[in-house]
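Student: Line by line, the protein sequences give chains A and B. Count the first sequence with this note's numbering and you get residues 1 to 198, in order. Count the second sequence with this note's numbering and you get residues 1001 to 1243, in order.
Keep in mind the hints are simulated off the structure, nothing from the lab. Note that the coordinates shown come from a computational prediction; the quantities given were computed from them, not determined experimentally. Some clues are possibly wrong.
Claimed, not checked - Under 8 Å between C-beta atoms, here's a sample of chain A residues computed to sit facing chain B:
| # | residue |
| --- | --- |
| 1 | 18 |
| 2 | 113 |
| 3 | 147 |
| 4 | 154 |
| 5 | 178 |
| 6 | 181 |
The beta carbon of each residue, even a glycine, is placed where N, CA and C say it ideally should be.
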Amino acid sequence: MTLSPAIQRLVEALRCLPGVGPKSAQRMAFQLLERDREGGRRLAAALEEAIDKVGHCEQCRTLTEEPVCGICRSDSRDRGQLCVVETPADIVAVEQATDFRGLYFVLMGHLSPLDGIGPADIGLDRLAERLARGEVAEIILATNPTVEGEATAQYIADLARSHGIRATRLAHGIPLGGELEYVDGGTLSHAFSGRRDL
Amino acid sequence: MAIDSVEMQPAYILHHRAYRDTSALLELITPLHGRVGVVARGARGARSPLRGVLRPFLPLLCSWGGRGELFSLRRAEVAGRMPVLSGQALFAAYYLNELLLRLLQRQDPHPEVFEAYVQALDGFAGQPLEAVLRLFEKRLLEALGYGLMLETDVHGEPVAADRRYRYIPEQGPEPIEGKMPDEGGLSGRALLALAAEACDNVQDLRELKPLLRRMLGLYLGERPLKTREFLTDMERQGRSGHD
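The following block holds chain A by itself, in its conformation from the complex:
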């Protein structure tokens, strides 16, 4: 069966979502058209609104429809601590799991020397300006524990040092509830060298 052009376009459009192949795109399209037209309308409106309005926070670069995001505007947060993360999703993760009350800075990626993604592409010029203003006392590097994340953290740590600001890096350790035997060597060696007094 061939789909009519409008349905075909919908199926194609849905495929831009992560993890959605031709089969699931088609299932989604039929679900909306057959059973949930109201849901589809809401989805279309929400999508359009978000795409039109959501931009980046002037201060931390996270996604928001306001010029400055809620966290950056809040006066109950500690302005001396700045946590640097790769994506807006990382903010959500840190907010849910920790008691961190400082501010964030979102890189929207990481340095990738071989792909030509340099300091300016991840907003480090803006970060440098912010560090120069002298409000930040500690910068917490929460980039991913990948080689690129590490490279990014080191680069920012150098930047912080040149402004006389303390830079800290999240610890790498054994997952809770894990067994040593099955932990990968890199994690285990990090955990070992970062051991603590009890």
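Dock chain B against the given chain A, drawing on the hints supplied.
Tutor: Positioned in the frame of chain A, the structure of chain B alone reads:
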């Protein structure tokens, strides 16, 4: 080129790129198969056992197979420890990767390049960065058949440590008479130190840098190296920090 499969070969990842939702495209360097492009299917999935394994600069043992330009990665295991790469050394290591990506053809084996790469990665931990880089660049040029003439000058005379030379590509060092302002000029001592792979003198290293840069430039073509911009940028930042 069709091969059935290659089992557990030493390899390092030179470059990795996300591919589809959970896969990755990798460029490997191996001793016996040169640079190899592989697809690691599902490697970026949440439960993939390869997540902590497929990292650049980590010594691996890889199995791959398939047909065509791009093979399928079948298995990968960690074969040693991650070298200690901190600060500039990490970006210098990326520079090595970029040189290899630019200068090596796929499936053109150069075991001595692999050897030089392993030694350079290990060298970053203890030796001066510039010395490690110059040695690697010299060995890479040599392995590719563009080796420098360092011990004999253009007239067939042995290079003398106390004379100054101008290096002419594909011909060798030409003695410079008198005391010329050193435009691309360098001392015989620096040339001999590079030949002996024992460059530890800061002045020699400073003179060898433009030479190797110029020689690599002949084979790299017009496109600038992205990692070189990074390193210069970091040096500048480091300097401004000391002011």
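Student: Evaluate each hint against the coordinates.
Tutor: Verification of the supplied hints:
{"no.": "1", "hint": "18", "result": "6 Å, holds"}
{"no.": "2", "hint": "113", "result": "4 Å, holds"}
{"no.": "3", "hint": "147", "result": "5 Å, holds"}
{"no.": "4", "hint": "154", "result": "6 Å, holds"}
{"no.": "5", "hint": "178", "result": "12 Å, violated"}
{"no.": "6", "hint": "181", "result": "14 Å, violated"}
Checked against the numbered hints listed earlier, the structure breaks hints 5, 6; every other hint is satisfied.
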